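Participant: Chain by chain, the residues run as shown.
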Amino acid sequence: MAEERVVGVGAGAAGFGGYDRGGGEPGGLATQDMVLNIGPQHPATHGVLRLRITLDGERIVGCEPIVGYMHRGVEKLFEVRDYRQIIVLANRHDWLSAFSSELGVVMAVERMLGMEVPERAVWARTLLAEMNRALNHLMFLGSYPIELGAITPIFYAFRERETLQQVMEEISGGRMHYMFNRVGGLKEDLPAGWLDRASAAVAAVRRRVPQIEDLIFGNEIFLARTRGVGTISPELISAYGVSGPIARASGVDFDLRRDEPYLAYPELAEEGVLRVTTGEDGDCHSRFGMLLEQVSVSLDLADACIARLRSLPQGPINQRLPKILKAPEGATYCWTENPLGINGYYLVSRGEKTPWRLKLRSASFNNIAVLPEVLRGCVVADMIAILGSMFFVVGDIDK
Amino acid sequence: MDLYLPILGLAVLGAGFAVVTIVTSALVGPKRYNRAKLDSYECGIEPTPQPAGGGRFPVKYYITAMMFIVFDIEIVFLFPWAVAFDSMGIFALVEMVLFIATVFLAYAYVWRRGGLEWD
Amino acid sequence: MIVQALGVRTVDDLSEFGTDPWWLSLIKAVLIFVFLLLLTLFNIWFERRVVARMQHRAGPNKNGPFGLLQSLADAMKLMLKEDIMVKAADRLLYVLAPVISVIMAFLAFAVIPFGPVVDVPFTDRQTPLQLTDLPVGVLFVIAVASVGIYGIVLGGWASGSTYSLLGGMRSTAQVISYEVAMSLALVAVFLYAGSLSTSEIVNAQQRLWYALILLPSFIIFWVSMVGETNRAPFDMPEAEGELVAGYFTEYSSMKFAMFFLAEYINMVTVSAVATTLFLGGWRAPWPLSLWDGANAGYWPVLWFLAKVMMFMFVFVWLRGTLPRVRYDQFMALGWKVLIPVALLWTVAVATIRAMTLDGGLDRRVLVGGALVAVLLFLLLSIVGERAPKEEPEAEEQPFDPFAGGYPVPPMPGQRLPRPEPAGVVPGGAQPDQEDDTARRSATEEGD
Chain A
394 MAEERVVGVG
404 AGAAGFGGYD
414 RGGGEPGGLA
424 TQDMVLNIGP
434 QHPATHGVLR
444 LRITLDGERI
454 VGCEPIVGYM
464 HRGVEKLFEV
474 RDYRQIIVLA
484 NRHDWLSAFS
494 SELGVVMAVE
504 RMLGMEVPER
514 AVWARTLLAE
524 MNRALNHLMF
534 LGSYPIELGA
544 ITPIFYAFRE
554 RETLQQVMEE
564 ISGGRMHYMF
574 NRVGGLKEDL
584 PAGWLDRASA
594 AVAAVRRRVP
604 QIEDLIFGNE
614 IFLARTRGVG
624 TISPELISAY
634 GVSGPIARAS
644 GVDFDLRRDE
654 PYLAYPELAE
664 EGVLRVTTGE
674 DGDCHSRFGM
684 LLEQVSVSLD
694 LADACIARLR
704 SLPQGPINQR
714 LPKILKAPEG
724 ATYCWTENPL
734 GINGYYLVSR
744 GEKTPWRLKL
754 RSASFNNIAV
764 LPEVLRGCVV
774 ADMIAILGSM
784 FFVVGDIDK
Chain B
770 MDLYLPILGL
780 AVLGAGFAVV
790 TIVTSALVGP
800 KRYNRAKLDS
810 YECGIEPTPQ
820 PAGGGRFPVK
830 YYITAMMFIV
840 FDIEIVFLFP
850 WAVAFDSMGI
860 FALVEMVLFI
870 ATVFLAYAYV
880 WRRGGLEWD
Chain C
37 MIVQALGVRT
47 VDDLSEFGTD
57 PWWLSLIKAV
67 LIFVFLLLLT
77 LFNIWFERRV
87 VARMQHRAGP
97 NKNGPFGLLQ
107 SLADAMKLML
117 KEDIMVKAAD
127 RLLYVLAPVI
137 SVIMAFLAFA
147 VIPFGPVVDV
157 PFTDRQTPLQ
167 LTDLPVGVLF
177 VIAVASVGIY
187 GIVLGGWASG
197 STYSLLGGMR
207 STAQVISYEV
217 AMSLALVAVF
227 LYAGSLSTSE
237 IVNAQQRLWY
247 ALILLPSFII
257 FWVSMVGETN
267 RAPFDMPEAE
277 GELVAGYFTE
287 YSSMKFAMFF
297 LAEYINMVTV
307 SAVATTLFLG
317 GWRAPWPLSL
327 WDGANAGYWP
337 VLWFLAKVMM
347 FMFVFVWLRG
357 TLPRVRYDQF
367 MALGWKVLIP
377 VALLWTVAVA
387 TIRAMTLDGG
397 LDRRVLVGGA
407 LVAVLLFLLL
417 SIVGERAPKE
427 EPEAEEQPFD
437 PFAGGYPVPP
447 MPGQRLPRPE
457 PAGVVPGGAQ
467 PDQEDDTARR
477 SATEEGD
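First to last, the protein sequences are chains A, B and C. Throughout the first sequence, residue numbering follows the numbering used here, covering 394 to 792 in sequence. Throughout the second sequence, residue numbering follows the numbering used here, covering 770 to 888 in sequence. Throughout the third sequence, residue numbering follows the numbering used here, covering 37 to 483 in sequence.
Please note: incorrect hints may appear among the correct ones.
[As the list claims (entries may be wrong)] Lysine to any residue pairs mimicking SDA-like chemistry, simulated, CA-CA at most 25 Å apart:
1. Lys752/A - Ile459/A
2. Lys113/C - Pro436/A
3. Lys829/B - Gly455/A
4. Lys123/C - Pro799/B
5. Lys372/C - Glu886/B
6. Lys98/C - Arg552/A
7. Lys123/C - Cys812/B
8. Lys829/B - Ile63/C
9. Lys123/C - Ala805/B
10. Lys372/C - Phe846/B
11. Lys117/C - Arg804/B
12. Lys117/C - Val863/B
13. Lys123/C - Thr793/B
14. Lys123/C - Leu782/B
15. Lys800/B - Cys812/B
16. Lys123/C - Leu796/B
17. Lys829/B - Arg552/A
18. Lys117/C - Gly798/B
19. Lys469/A - Tyr739/A
20. Lys800/B - Leu129/C
21. Lys117/C - Ala870/B
22. Lys800/B - Pro157/C
23. Lys117/C - Gly813/B
24. Lys829/B - Tyr186/C
25. Lys372/C - Tyr810/B
26. Lys372/C - Cys771/A
27. Lys806/B - Pro436/A
28. Lys800/B - Leu116/C
29. Lys117/C - Glu815/B
30. Lys719/A - Glu766/A
31. Lys800/B - Ala281/C
Keep in mind the hints are simulated off the structure, nothing from the lab. The structure displayed is predicted, hence computed values, not measured ones.
Here chain A stands alone, though its shape is the one from the complex (with noise of 0.2 Å):
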């Protein structure tokens, strides 16, 4: 009945030459299937990841997602840089969680140095990567339902990542790149009362959080959208390595801060203020609630961070580095529980001021790489249901 059309191959290579438009056989019955490309300027991919699809009618038959558009070779970026100066290229990739995405890095340079942290510093860095994360989630809390036509949450959700900004900005002077992490700590004490206002923020955001609960998450036509659609086995998940919420929604009990504790995580696991909960259906819809659930639990952990900071004594927040910062040489493997996934960093020293090489291995890339097993069968608007349930960042698939 249906008849494919192979129209071009990679990036741009749509209409080859000599191709004639007007085809098929005339008088012929048979439909032809129709390939689109969503992206790389699509409202619905944020940023420039393209996909191209092959429809029958409106629904999916083939789906390939072409990566690449912003591809800076940031681990050849990283080979030239020293190690102070890759934090500040490691933030980039994920522009979301910027501060998590550093603590990878300066964890690794530490792990290589054997270096201790300073007590306070651990604390402090995990306060603001638990709201680095929470700013992370708010983001796709509100991007998701405007995806799938409610313009209004994101406005709420957008309120409440100011809050938490503010006193971001105010400690680290960045809205989005903190670059405030440092090999040996932080780059300075946190501020007089800033403890307090973070506290406040935190207070604030969790009172209204619920209101984005309450505006889209209930909603009939939100849940028929979202219901069943684009589930994911637990052994896709394991299949393509996908990892942070999305794993989780599927029911894959995986979680970096409590499996292989890094920062003052085991002692937060301990108290049993850090929670790792999963989800049943591995649906769209489960991986919303899982955002709305780690979002609480962030503020949780934020505000059990200021509890242990304020108790603690003063004393020095970093350590001090010598002039020029040779890792010895060796080779280590860090990786973190980011917003969006695992975050690693394989790093490998010659005992030289830059690495040899330094391996990013990005969450984004990974969950991406699952779509066309998700969307194959689905209709147009259930892929953007997907797509934006996959909490992904263009920078962080590319690199």
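Starting from the known structure of chain A, arrange chains B and C on it as the hints suggest.
Facilitator: Just chains B and C now, with coordinates in the frame of chain A:
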């Protein structure tokens, strides 16, 4: 016919407005030729070639569309029936219930056979 | 005579219409035209301000008092934009589509009554506040609205872009889902009013608004009118998250503005139709109607506008609140809920009407009957819920698309065989493999 003439007047007004504004904007607006600008939008990529006139594309809901015609005709009968209902009374009711039931039967059949589960 | 004695109207009294001199008709037409343009400018501003308030924002507030001139400025800006005609477009239809849309949007308002018969200022003439009325007034509105959809479908098709095409196709899917329900919802109104003429329907609502006695019709009409105007949550043809902008993706400058204008006029039109058919048209609402002068002179225009703006507010409210429905879900809503309900409701209304006509049915019987019906419905819904479970799971049977010699859709438990795309059939890949083996053997031989 006098009842319909003013409608024609309004149509002429509307058409005049549309044509005048579109022509004016074509005259007043800038014209900067650019090959890429004249391509169809496909997310910033050179558009996938399409057969002239869009070619044949699958329309999955054609059974529903056929049902639509049936119901539209039913409605054409229902409107005058409703208007004249008061002067015909029970007779009209019985007649129309029979008619509606017939169409409803076909509708139920299509529903049961999954004709409404298109795509 | 007998019929008249029963108090039943048979022929519409449209003697007030068609008597205006040409200049008066022209003035009325121009007034309607200007009114619609101004109301559109106002409504765009209104929507942006109201949605802004729902989203903790200010909305346009710089240009003119309260930002009222913002839409005018936007329209001027659009006027000065380059008019792009894409290469792949079907030139004639591409230009024609927005014009069709906007003309049809204007036309529907010809039969909307704004008020009663009034004195024309500076003359001794009297005229109804309505351009004209037809014995088939409402049918005319429905017809014009349907033709207006052609603008969208043709525009989507003529643009030569996949997004536009999908938008146009969705629009067709949408129109076949809600229009039946919408028209069916109106049958009950015609039953009670005994007329299709808008002015007669307003007259028939002197005592009671039809929204109160025909509530299900009103609700069905309300739902369908949101679909009719392509507004959220039924804005699938222009779903910006999915189809970029749907049918008007390729439109720019004034042609785009025409679609925009048509959409907003259509919103006003369906609101005005809903007001006329269900909310007593220009008649004053209850506490105001106690005042004798409320339904005379030019006052009714105000009540009419207030009711229309109420509907407009709900349009905006919906947009600020709801996500978009998937379009097969919307079709399911139309075909599996709205249409059967509307049909049954029509039959029920006709039955009640016939009984009351047949000699003053006792109210108590009516109430009793309604109670029994409700009980039956509840019982049926309970039984209906259980029924599917008892039904044995249909075995997956092989599906014969030509069972009995005719093409048939699959039964439950059967599935349509997936049409295999020609490019992916195993046969298509084989020549390549053969080529490969041939080449390999050739190289081997060469070795």
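Participant: Does each hint fit the structure? Answer for all of them.
Facilitator: These are the hints, each one checked on the structure:
Annotation: proposed proximity of lysine 752/A to isoleucine 459/A holds, straight-line Cα distance about 21 Å (limit 25 Å). Taking the CA atoms of lysine 113/C and proline 436/A, the gap is about 23 Å. The hint holds against a cut of 25 Å. Distance check on the hinted pair: lysine 829/B and glycine 455/A sit about 18 Å apart at the alpha-carbon level, within 25 Å; holds. Restraint check: the Cα-Cα separation between lysine 123/C and proline 799/B comes to about 18 Å, which is no more than 25 Å; the hinted pair holds.
Taking the CA atoms of lysine 372/C and glutamate 886/B, the gap is near 10 Å; set against the 25 Å cutoff, the hint holds. A hinted pair counts as satisfied when its Cα atoms are at most 25 Å apart, and lysine 98/C with arginine 552/A qualifies at roughly 23 Å. With a CA separation close to 16 Å, the supplied pair lysine 123/C and cysteine 812/B stays within the 25 Å bound. Distance hint between lysine 829/B and isoleucine 63/C is unfulfilled; the C-alpha atoms sit about 48 Å from each other, more than 25 Å.
Using a Cα cut-off of 25 Å, the hinted pair lysine 123/C and alanine 805/B holds, with the two alpha carbons roughly 10 Å apart. Straight-line distance between C-alpha atoms of lysine 372/C and phenylalanine 846/B comes to about 22 Å, which keeps the hinted pair within the 25 Å bound. Taking the CA atoms of lysine 117/C and arginine 804/B, the gap is about 18 Å. The hint holds against a cut of 25 Å. For the hint pairing lysine 117/C with valine 863/B, the CA-to-CA distance comes to about 60 Å; that exceeds 25 Å, so the pair is violated.
A threshold of 25 Å between alpha carbons decides the hint, and for lysine 123/C with threonine 793/B the separation of about 22 Å falls inside it, so the pair holds. Restraint check for lysine 123/C and leucine 782/B: the C-alpha separation of about 31 Å exceeds 25 Å, so the hint is violated. For a cut-off of 25 Å, the pair hint linking lysine 800/B to cysteine 812/B stands: about 23 Å separates their Cα positions. About 20 Å separates the Cα atoms of lysine 123/C and leucine 796/B, which keeps this hinted pair within 25 Å; it holds.
In summary, the hint linking lysine 829/B to arginine 552/A is not supported, as the alpha carbons are separated by about 43 Å, beyond the 25 Å threshold. Only pairs whose Cα atoms come within 25 Å are accepted, and lysine 117/C paired with glycine 798/B is accepted, the gap being roughly 5 Å. Of the pairs offered as hints, the one joining lysine 469/A and tyrosine 739/A holds, with about 13 Å between alpha carbons and a cut-off of 25 Å not exceeded. Note on lysine 800/B and leucine 129/C: the hinted pairing holds, with a Cα-Cα distance of about 22 Å set against a maximum of 25 Å.
The suggested pairing of lysine 117/C with alanine 870/B is violated, with an alpha-carbon distance near 55 Å, which exceeds 25 Å. Under the criterion of a C-alpha separation no larger than 25 Å, the hint pairing lysine 800/B with proline 157/C is inconsistent with the structure, at around 48 Å. Annotation: proposed proximity of lysine 117/C to glycine 813/B holds, straight-line Cα distance about 20 Å (limit 25 Å). Among the hinted pairs, lysine 829/B with tyrosine 186/C is consistent with the structure: their alpha-carbon atoms are about 19 Å apart, no more than 25 Å.
As the CA atoms of lysine 372/C and tyrosine 810/B are separated by approximately 36 Å, the hinted pair breaks the 25 Å bound. Taking the CA atoms of lysine 372/C and cysteine 771/A, the gap is about 22 Å. The hint holds against a cut of 25 Å. About 19 Å separates the Cα atoms of lysine 806/B and proline 436/A, which keeps this hinted pair within 25 Å; it holds. A C-alpha spacing of about 11 Å is found between lysine 800/B and leucine 116/C, which places the hinted pair at or below 25 Å, so the restraint holds.
Restraint check for lysine 117/C and glutamate 815/B: satisfied, since their Cα atoms lie roughly 23 Å apart, inside the 25 Å limit. Note on lysine 719/A and glutamate 766/A: the hinted pairing is violated, with a Cα-Cα distance of about 44 Å set against a maximum of 25 Å. With a CA separation close to 23 Å, the supplied pair lysine 800/B and alanine 281/C stays within the 25 Å bound.
Hint compliance for this structure: hints 8, 12, 14, 17, 21, 22, 25 and 30 are broken, all remaining hints hold.
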